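With the hints as extra help, turn the sequences into a complete structure.
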Amino acid sequence: MKKDVSCLNTKAILEYVRRHNGGDLKSLLDHLDPELDHQKDLEKFLTDPNNWVSSGVFSELCRRAREIFHDDRVAFKIGFESVSAQRLGYIQRIFVRMFRHPRDGVQKVQVVNDKFNQTKRIEIVKNTHGQAVLRLHWFPGLELNKDFCYINQGVYSAIATIWDIPPSEVVESCCFFEGGPYCEYTISWAKQSLLKGVWSWLFASRNLLQEAVAEMEEDKILLQKKYEEVYDLNSELKRRLDQLVSLQETSRAIVSILDVGNLLTSVMRLLTQTIGFERAILMLVDEDKRVLRYAYGVGAEKSIERAFHNYEIPMDRASNILVRVANTGIPAFIGDASLAPLNKENPILRI
Numbered sequence: 332m333k334k335d336v337s338c339l340n341t342k343a344i345l346e347y348v349r350r351h352n353g354g355d356l357k358s359l360l361d362h363l364d365p366e367l368d369h370q371k372d373l374e375k376f377l378t379d380p381n382n383w384v385s386s387g388v389f390s391e392l393c394r395r396a397r398e399i400f401h402d403d404r405v406a407f408k409i410g411f412e413s414v415s416a417q418r419l420g421y422i423q424r425i426f427v428r429m430f431r432h433p434r435d436g437v438q439k440v441q442v443v444n445d446k447f448n449q450t451k452r453i454e455i456v457k458n459t460h461g462q463a464v465l466r467l468h469w470f471p472g473l474e475l476n477k478d479f480c481y482i483n484q485g486v487y488s489a490i491a492t493i494w495d496i497p498p499s500e501v502v503e504s505c506c507f508f509e510g511g512p513y514c515e516y517t518i519s520w521a522k523q524s525l526l527k528g529v530w531s532w533l534f535a536s537r538n539l540l541q542e543a544v545a546e547m548e549e550d551k552i553l554l555q556k557k558y559e560e561v562y563d564l565n566s567e568l569k570r571r572l573d574q575l576v577s578l579q580e581t582s583r584a585i586v587s588i589l590d591v592g593n594l595l596t597s598v599m600r601l602l603t604q605t606i607g608f609e610r611a612i613l614m615l616v617d618e619d620k621r622v623l624r625y626a627y628g629v630g631a632e633k634s635i636e637r638a639f640h641n642y643e644i645p646m647d648r649a650s651n652i653l654v655r656v657a658n659t660g661i662p663a664f665i666g667d668a669s670l671a672p673l674n675k676e677n678p679i680l681r682i
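Residue numbering for the sequence shown follows the numbering used here, beginning at 332 and increasing consecutively.
Rather than coming from a laboratory, the hints here were simulated on the basis of the structure. All figures in this text were calculated on a predicted structure; none of them were measured in a lab. Do not rely on the hints blindly, as some may be mistaken.
[As the list claims (entries may be wrong)] SDA-like mimics (lysine to any residue), calculated; alpha carbons at most 20 Å apart, straight line:
| no. | residue 1 | residue 2 |
| --- | --- | --- |
| 1 | K446 | F376 |
| 2 | K675 | E636 |
| 3 | K522 | K557 |
| 4 | K620 | I665 |
| 5 | K439 | V456 |
| 6 | K334 | K408 |
| 7 | K371 | G353 |
| 8 | K371 | I665 |
| 9 | K633 | I665 |
| 10 | K633 | A649 |
| 11 | K477 | E412 |
| 12 | K334 | P365 |
| 13 | K457 | V442 |
| 14 | K342 | H369 |
| 15 | K522 | D435 |
| 16 | K342 | K439 |
| 17 | K675 | I665 |
| 18 | K457 | H362 |
| 19 | K375 | E549 |
| 20 | K334 | E374 |
| 21 | K557 | D573 |
| 22 | K446 | L475 |
| 23 | K556 | D379 |
[Unchecked claim] Ranges between beta-carbon positions, derived for each pair:
| no. | residue 1 | residue 2 | range |
| --- | --- | --- | --- |
| 24 | L613 | E676 | 49 to 59 Å |
| 25 | P645 | D573 | 36 to 46 Å |
| 26 | H401 | V576 | 52 to 62 Å |
Glycine included, each C-beta is placed from N, C-alpha and C at the ideal position.
If you want it as structure tokens, here you go:
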């Protein structure tokens, strides 16, 4: 899956739907995309700003949001609220608010855009004190639709609110999704007095620092969880690797050891180490006599040898758990032998 849309964008969709749909995300996320089926917690994945998804996944989320709210322009509202409700990531918010005026932000619009997606190139046609004209040149080969246009309009409309200016007016004069070569927007915002602008910029830093610290704490918790997940995965990987190494060594032992006793010693030692058992016995089926016969044991060799000397079980004794396992091939696990309906005189229970 080509990843060209940051999950900051999918997070905006999920949070909008959660706020306006009674917290229900089922119809938004069910069977979203085969590429995401392996995710144990899809909601968590799609709201993690460190993750990225394909433009196709983002398009499907927008389509489902349209169906949920019966609103073809819901992407505009999602884009607007993602900014006006201050749901940008703190890094992006710092980057935007470090400028004193929307015009300064427009001048760096491509750099800011690249933090959110890799779907377009932005051309600045005009950038004055109260107005800007932008052209969005969409990259080929992506799964794009009109929702991408609407969500950008919503973002551009709300950007001015970061500087405590009323929402901008966004007028589209050309649309790529309606046959044009690009999307062109004229963005107009209210002019801000020099004194108010400087005052707002100076005092914004304090609020910005508080917001940054709060979100950094959240990110620290997220990183801790990811570390724990990586640790668990590494532990599982090591366990699987140990199993493969054991199988390899067992196979090598089988082809290199001709002595049956040494072969069984090597195989049983490797298996018990891999499984983590203290004791184990090997029972073999004697096809001629139709009995299950003790062949080898490890962990308590002397007591095992004494208990199982000449030990045989007829293969037609269906009440015996070992015979049932041998006949059916279905493993059986007894957690507490004292509570199970077993023959208490069985040698296995006495070793």
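Against the structure, the hints:
1. K446 to F376: holds, 18 Å
2. K675 to E636: Holds. K675 to E636 sits at ~19 Å (cutoff 20 Å).
3. K522 to K557: Violated, at roughly 45 Å.
4. K620 to I665: Distance of about 28 Å is beyond 20 Å: violated.
5. K439 to V456: holds, 13 Å
6. K334 to K408: Outside the cut-off at roughly 24 Å; violated.
7. K371 to G353: Status violated; Cα separation ~23 Å.
8. K371 to I665: The given pair, whose Cα atoms are some 31 Å apart, is violated under the 20 Å limit.
9. K633 to I665: violated, 24 Å
10. K633 to A649: violated, 29 Å
11. K477 to E412: holds, 18 Å
12. K334 to P365: The given pair, whose Cα atoms are some 14 Å apart, holds under the 20 Å limit.
13. K457 to V442: Answer holds: K457 to V442 is near 17 Å, not above 20 Å.
14. K342 to H369: Distance of about 19 Å is within 20 Å: holds.
15. K522 to D435: holds, 13 Å
16. K342 to K439: violated, 23 Å
17. K675 to I665: The hint holds at about 14 Å.
18. K457 to H362: violated, 43 Å
19. K375 to E549: holds, 14 Å
20. K334 to E374: holds, 17 Å
21. K557 to D573: violated, 24 Å
22. K446 to L475: Holds, at roughly 18 Å.
23. K556 to D379: holds, 12 Å
24. L613 to E676: 49 to 59 Å: 22 Å Cβ-Cβ, so the 49 to 59 Å window is violated.
25. P645 to D573: 36 to 46 Å: holds, 37 Å
26. H401 to V576: 52 to 62 Å: holds, 58 Å
Checked against the numbered hints above, the structure breaks hints 3, 4, 6, 7, 8, 9, 10, 16, 18, 21, 24 and satisfies the rest.
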